[in-house]
Amino acid sequence: MSETRRIVTGTVDGKSVFAVDDKVAPTTIALAPGAGFTRVYGTETLQIPVTGTAVSITPYYPPVGGVTVTVVTLPPDPKAPPPADFDPTPFMAEAQEKLPGLLELMEPDGMHVTPTVDVITIISGRIVLELDDGAKRELSAGDVVVQNGTRRGWRNPFDEPVVMHVVSVGVEAGT
2 MSETRRIVTG
12 TVDGKSVFAV
22 DDKVAPTTIA
32 LAPGAGFTRV
42 YGTETLQIPV
52 TGTAVSITPY
62 YPPVGGVTVT
72 VVTLPPDPKA
82 PPPADFDPTP
92 FMAEAQEKLP
102 GLLELMEPDG
112 MHVTPTVDVI
122 TIISGRIVLE
132 LDDGAKRELS
142 AGDVVVQNGT
152 RRGWRNPFDE
162 PVVMHVVSVG
172 VEAGT
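All the letters of the sequence shown, read from the start, carry residue numbers 2 to 176 under this note's numbering.
One or more hints might be untrue.
Below are the DSSO-like pairs computed for lysine-lysine, each with C-alpha atoms no more than 30 Å apart in a straight line [as the list claims (entries may be wrong)]: (1) K99 / K24; (2) K80 / K137; (3) K99 / K80.
Label-pair ranges, simulated between beta-carbon atoms [unchecked claim]: (4) K99 / Q48: 26 to 32 Å; (5) K16 / G143: 33 to 39 Å; (6) V13 / P89: 43 to 49 Å; (7) P91 / T122: 21 to 27 Å; (8) G102 / S141: 26 to 32 Å; (9) A142 / V118: 20 to 26 Å; (10) V129 / V51: 34 to 40 Å; (11) V13 / K80: 21 to 27 Å; (12) P77 / A26: 20 to 26 Å.
Everything labelled a hint here was simulated from the structure, so no lab data went into it.
We treat Cβ as the ideally placed atom computed from N, Cα and C, and that holds for glycine.
Given the sequences, and given the hints that come with them, work out the whole structure.
Structure (structure tokens):
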């Protein structure tokens, strides 16, 4: 996985500026070999003008009214289950430290619901989006999904990683 060039504009003293122009390395975790999470931008509120310097927020998912921009790389699904004596505890601790909040909403089978509206663009590769009733859609490069807080899981049964650009906006959880 390569670094992502990040350019963030802003306004300083009434003038448009390039506030950030750098490269961001993906965050990786041992629990998911081959996966990468490149946190490109995040802010807790959407308002203008902004200086453009807020480039990341914690936890992983944005608060209500906040936004995050992430490049996500997911490897092919494992071909075999983990060994019976596999203990995920140290791996979960690493994931919580590096990507706080990411796994808290994740079910053991990978299904999850987040308090966000997500706009996901498939950059390369293919992936399957599965909803809670078992309905599935195969997605490939150029496809865009607007994910409205539904229960879902991402499956990569293919032989190559998928790279997705994800914009998440924090919203009030409904009933």
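A quick look at each hint next to the structure:
1. K99 / K24: Measuring from Cα to Cα gives roughly 18 Å; hence the hint holds.
2. K80 / K137: 20 Å, holds
3. K99 / K80: Holds. K99 to K80 sits at ~26 Å (cutoff 30 Å).
4. K99 / Q48: 26 to 32 Å: 29 Å, holds
5. K16 / G143: 33 to 39 Å: 36 Å, holds
6. V13 / P89: 43 to 49 Å: 46 Å, holds
7. P91 / T122: 21 to 27 Å: Between P91 and T122, where Cβ atoms are some 34 Å apart, the hint is violated.
8. G102 / S141: 26 to 32 Å: 29 Å, holds
9. A142 / V118: 20 to 26 Å: Distance hint for A142, V118 holds at roughly 22 Å.
10. V129 / V51: 34 to 40 Å: Once the Cβ atoms are compared, 37 Å apart, the range 34 to 40 Å for V51 and V129 holds.
11. V13 / K80: 21 to 27 Å: 52 Å, violated
12. P77 / A26: 20 to 26 Å: 22 Å, holds
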